[in-house]
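There are 2 protein chains.
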Amino acid sequence: IIGHSLPVNLKKHWFDCTIFLSAYAGFRVIQRLEQEMEKSPGSRPFPEITYCNLGNPQALGQRPITFFREVLSLCDNPALLRRDETRMLFSPCAINRARKIIESMPGRNSGAYTNSQGIRSLREAVASGIAARDGFPSRPEDIFLTDGASSAINLSMQILIRSQEDGVLCPLPEYPLYSASIILHGGTMVPYNLSEDGDWGLEIFEVKRCLEEARIAGLTVRAMVIINPGNPTGQVLSVTNQEEIVEFCRKEGLVMLADEVYQDNVYVEDRKFHSFKKVARSLGYDENDISIVSFHSVSMGFSGECGRRGGYMEICGFGDDVMDEIRKVASVTLCPNIGGQILTSLAMDPPKLGDGCFENFMAEKEDIRLSLAKRAKTLASAFSSLEGMTCNRVEGAIYAFPRIHLPAAAIKAAKAEGMSPDLFYACRLLDATGIAVVPGSGFHQATGTWHIRCTILPGEDKIKVMIPRLKEFHESFMNEF
Amino acid sequence: IIGHSLPVNLKKHWFDCTIFLSAYAGFRVIQRLEQEMEKSPGSRPFPEITYCNLGNPQALGQRPITFFREVLSLCDNPALLRRDETRMLFSPCAINRARKIIESMPGRNSGAYTNSQGIRSLREAVASGIAARDGFPSRPEDIFLTDGASSAINLSMQILIRSQEDGVLCPLPEYPLYSASIILHGGTMVPYNLSEDGDWGLEIFEVKRCLEEARIAGLTVRAMVIINPGNPTGQVLSVTNQEEIVEFCRKEGLVMLADEVYQDNVYVEDRKFHSFKKVARSLGYDENDISIVSFHSVSMGFSGECGRRGGYMEICGFGDDVMDEIRKVASVTLCPNIGGQILTSLAMDPPKLGDGCFENFMAEKEDIRLSLAKRAKTLASAFSSLEGMTCNRVEGAIYAFPRIHLPAAAIKAAKAEGMSPDLFYACRLLDATGIAVVPGSGFHQATGTWHIRCTILPGEDKIKVMIPRLKEFHESFMNEF
Numbered sequence: 001i002i003g004h005s006l007p008v009n010l011k012k013h014w015f016d017c018t019i020f021l022s023a024y025a026g027f028r029v030i031q032r033l034e035q036e037m038e039k040s041p042g043s044r045p046f047p048e049i050t051y052c053n054l055g056n057p058q059a060l061g062q063r064p065i066t067f068f069r070e071v072l073s074l075c076d077n078p079a080l081l082r083r084d085e086t087r088m089l090f091s092p093c094a095i096n097r098a099r100k101i102i103e104s105m106p107g108r109n110s111g112a113y114t115n116s117q118g119i120r121s122l123r124e125a126v127a128s129g130i131a132a133r134d135g136f137p138s139r140p141e142d143i144f145l146t147d148g149a150s151s152a153i154n155l156s157m158q159i160l161i162r163s164q165e166d167g168v169l170c171p172l173p174e175y176p177l178y179s180a181s182i183i184l185h186g187g188t189m190v191p192y193n194l195s196e197d198g199d200w201g202l203e204i205f206e207v208k209r210c211l212e213e214a215r216i217a218g219l220t221v222r223a224m225v226i227i228n229p230g231n232p233t234g235q236v237l238s239v240t241n242q243e244e245i246v247e248f249c250r251k252e253g254l255v256m257l258a259d260e261v262y263q264d265n266v267y268v269e270d271r272k273f274h275s276f277k278k279v280a281r282s283l284g285y286d287e288n289d290i291s292i293v294s295f296h297s298v299s300m301g302f303s304g305e306c307g308r309r310g311g312y313m314e315i316c317g318f319g320d321d322v323m324d325e326i327r328k329v330a331s332v333t334l335c336p337n338i339g340g341q342i343l344t345s346l347a348m349d350p351p352k353l354g355d356g357c358f359e360n361f362m363a364e365k366e367d368i369r370l371s372l373a374k375r376a377k378t379l380a381s382a383f384s385s386l387e388g389m390t391c392n393r394v395e396g397a398i399y400a401f402p403r404i405h406l407p408a409a410a411i412k413a414a415k416a417e418g419m420s421p422d423l424f425y426a427c428r429l430l431d432a433t434g435i436a437v438v439p440g441s442g443f444h445q446a447t448g449t450w451h452i453r454c455t456i457l458p459g460e461d462k463i464k465v466m467i468p469r470l471k472e473f474h475e476s477f478m479n480e481f
Numbered sequence: 001i002i003g004h005s006l007p008v009n010l011k012k013h014w015f016d017c018t019i020f021l022s023a024y025a026g027f028r029v030i031q032r033l034e035q036e037m038e039k040s041p042g043s044r045p046f047p048e049i050t051y052c053n054l055g056n057p058q059a060l061g062q063r064p065i066t067f068f069r070e071v072l073s074l075c076d077n078p079a080l081l082r083r084d085e086t087r088m089l090f091s092p093c094a095i096n097r098a099r100k101i102i103e104s105m106p107g108r109n110s111g112a113y114t115n116s117q118g119i120r121s122l123r124e125a126v127a128s129g130i131a132a133r134d135g136f137p138s139r140p141e142d143i144f145l146t147d148g149a150s151s152a153i154n155l156s157m158q159i160l161i162r163s164q165e166d167g168v169l170c171p172l173p174e175y176p177l178y179s180a181s182i183i184l185h186g187g188t189m190v191p192y193n194l195s196e197d198g199d200w201g202l203e204i205f206e207v208k209r210c211l212e213e214a215r216i217a218g219l220t221v222r223a224m225v226i227i228n229p230g231n232p233t234g235q236v237l238s239v240t241n242q243e244e245i246v247e248f249c250r251k252e253g254l255v256m257l258a259d260e261v262y263q264d265n266v267y268v269e270d271r272k273f274h275s276f277k278k279v280a281r282s283l284g285y286d287e288n289d290i291s292i293v294s295f296h297s298v299s300m301g302f303s304g305e306c307g308r309r310g311g312y313m314e315i316c317g318f319g320d321d322v323m324d325e326i327r328k329v330a331s332v333t334l335c336p337n338i339g340g341q342i343l344t345s346l347a348m349d350p351p352k353l354g355d356g357c358f359e360n361f362m363a364e365k366e367d368i369r370l371s372l373a374k375r376a377k378t379l380a381s382a383f384s385s386l387e388g389m390t391c392n393r394v395e396g397a398i399y400a401f402p403r404i405h406l407p408a409a410a411i412k413a414a415k416a417e418g419m420s421p422d423l424f425y426a427c428r429l430l431d432a433t434g435i436a437v438v439p440g441s442g443f444h445q446a447t448g449t450w451h452i453r454c455t456i457l458p459g460e461d462k463i464k465v466m467i468p469r470l471k472e473f474h475e476s477f478m479n480e481f
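Protein chains in written order, with UniProt numbering: chain A, 1 to 481; chain B, 1 to 481.
One thing to keep in mind: the hints can contain errors.
Identical chains blur together in the list; that is why a pair holds if it fits in one copy or across any two.
Below, a list of computed lysine-lysine pairs in the DSBU-like style, where the Cα atoms sit at most 30 Å apart [stated by the list, open to error]:
id, residue 1, residue 2
1, K377, K208
2, K365, K100
3, K415, K374
4, K328, K415
5, K251, K374
6, K39, K100
7, K374, K412
8, K39, K328
9, K100, K462
10, K272, K377
11, K208, K471
No wet-lab data here; the hints were simulated from the structure.
Chain A on its own, in the form it takes in the complex:
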């Protein structure tokens, strides 16, 4: 039977990433611990697991934005818009917005297939949000609403990659979705290293070196992925650095794939988010000069609506015939889900000053941002304070990525157990404290260095309790080896 020993396509060249993506592996070890703790409570020296492994805000207590959920709820059940009692349960602001959205929908009941790019009025809302953010125009024709950023990234790879001879530049430490997607579409990932000593900045000479090596090896490098703010590295690029990157991609004829999903997660005063499109336009380059795809989603930032699978990509500087092909490929999955489309429009076109719910919306948004900023600072300081650990600032995104300078004896002990040293450390940490992190080897860190990725998502109270436990464990670990 084929199904029993299906020589799955992927086995040929599937990545050996044991700690891939939150939703899949990595989970297993933690699941076993969960089950054990459920069976015999009190069997461990900690009351619960602290989940610093998952980039999943709402699973860790982040509250959804009230306005977003009210609008969604009304659009799901448009009958509510005709009932007086609805005013007792929903803000006028949400009622007005929902009414506007429903009126722009095919069939006016929010369940029909939409255009494969997404509903026109919602794309207009996204485009106006982008224009307001950047100060440069954005056109709804260039917006594709998508089921989260991951679908958009997959679609881009599908379009760009023709064969294994096509390469795509990607940062290391990496976000494994990129390697997975490139491999699944039969291409070759061309990694470039971020500079840990330079605040995880991107050094053009290093990218150029990697590009040239790839070309010598016979690859046609077609695009460059830049993640800003960085995942898993948490940096926010400086404008100067961004300008260098734009110049480089323009000169080398590379499509820029700008992963900007953490644009609302910036925590430091001296850095601001600037989209790569804005930087390119500011340099005077228009769509005849450079091709840029920008990815965004409602999964992170203040929305944290991961499970809703909403996002968009803005595609600039592509030919009309290419855009037609992209629309055709998008149509193979018919259309992005309507709930995600609505959420994306709300996130990019939120309540404005003067709207009844503006103040509540801003308060909820700022609460989340300030709390994340505080946790980012607390965690980075805690890691930095440990002997044998260094940690760059968490300027943005939702991760600390501290480096552990492991003693030779620890490395030897890990080897004896057939583990990478950082996995060994992470397992010991989990075992002793219930703190779940992801070892850096899941992200292709620089050879000979060891890291852990720790989200800043657990609540402030949890982080407060977690830090002394982390310190205690780390000291005893370092003493042991």
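Given chain A, put chain B in place with the hints provided.
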């Protein structure tokens, strides 16, 4: 610039399907007509366009099921579950279900990433619905909740196809999603013809002939797609026919890809829907004997929730290692959207006798089914009554697929305009009556035959008006040629 003349991967082997999928092309001609009619109202001899081209129920007036939308609305805004006023707007039934769903969710606020296969409790609901339908057990571990059936089909092709030497048997006339997906994943479609004279049934000797030809041509045929009820052909297979197919796939070692998305769209007394899994189990075959993937979605049937992108696949008879790989691939897009997951669980585990909202739910469901059945019969009779047109019964699904026996002069006139004869007919029909249908050449009909695909989705009142217009047009067309 790469983006400007991007030699898109797909151009190499992208299908030449001018009338692909509702959401994309075919639209264009109709869009132009819409714009024209908006600019100069009254310029045409018909007041509006009758959309028989799109399989998009809610865009054509099908109402969503109240219970479904109430539950969705509550799950989006769980704060409602804590308010007394909610009882004035929502049924107790929906409130209970929403509460149960929310309690089973990570973070209890319906916005977190879920397991890549979907939330366990919702998969349990789906599995119990399958077991109740079939009378054979179903396991939540075998259920993958997906963003509609199209994502599931794409994922299956990604798993099955290794190279162009891998073939997948698909019915002609085809549903173009299959050819698109197979080509996108680099495989080869191996078509087999359905028998128009045999009520669009599937003749095993024909499938066997195609399989053998493919093997002689050097292909490894790995799977067979069966669409039941049929799209675009509207047949419901007899159990005897289904048994033959199961025996054939088992003997030939083919994975059965059973597209069963129209399982709730059956309109004739003498045919019933039976899942292929049920037929296989009834024959005594278990998962050691045959591999079956069944696709279902909330887009059709009585739900009609196309834009919500909900669906599932049940994968039976695959090895554990293969299942692990499938989970890994599913995790690349992280998780299916939560709204779609919820809807799928509701459709498969609807209110039961004794639940407060059972009667209302059944009434809404039956209303939709009976009205569709009536329209199916009316349209098929109308087509059959026309000179030079023959039409099989519409036993299920949502399409009539009548054959037009075009006069030689019409074929010649079409050629002169560089069109296929059925496109020529469809354009003339649209032009004269505003009735939009899809020509059969979009579905790879048998050579030398001409068809149109006409959905049964416009409301009964619209169909009543449409039929005399159709007759009048057809007669004058036949007279002209």
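Tell me, please, which holds for K377 and K208 at an alpha-carbon limit of 30 Å: within, between, both or neither? neither (33 Å within a copy, 67 Å between copies)
What label fits K251 with K374 when the C-alpha limit is 30 Å: within, between, both, or neither? neither (40 Å within a copy, 64 Å between copies)
Can you tell me if K415 and K374 fall within 30 Å by alpha carbon in one copy, between copies, both or neither? neither (37 Å within a copy, 71 Å between copies)
Same-copy or cross-copy closeness of K328 to K415 [CA-CA at most 30 Å]: Classified as between; 27 Å across copies, 50 Å inside a copy.
For the identical chains here, do K365 and K100 meet the 30 Å Cα criterion within one copy, between copies, both, or neither? The answer is both: 23 Å in one copy and 29 Å across copies each meet 30 Å.
For K272 vs K377, is the C-alpha pair at or below 30 Å within one copy, between two copies, both, or neither? within (17 Å within a copy, 63 Å between copies)
What label fits K374 with K412 when the C-alpha limit is 30 Å: within, between, both, or neither? Neither: 37 Å inside a chain and 76 Å across chains, both beyond 30 Å.
What label fits K39 with K100 when the C-alpha limit is 30 Å: within, between, both, or neither? between (51 Å within a copy, 24 Å between copies)
Same-copy or cross-copy closeness of K39 to K328 [CA-CA at most 30 Å]: For K39 and K328, only the inter-copy Cα distance (28 Å) is at most 30 Å; the intra-copy one is 52 Å.
Which holds for K208 with K471 at a C-alpha limit of 30 Å: within a copy, between copies, both or neither? Classified as neither; 40 Å inside a copy, 68 Å across copies.
Can you give me the call for K100 and K462, within, between, both or neither, at a CA distance of at most 30 Å? between (41 Å within a copy, 27 Å between copies)
Violated hints, listed in ascending order, are 1, 3, 5, 7, 11; each of the other numbered hints is respected by the structure.
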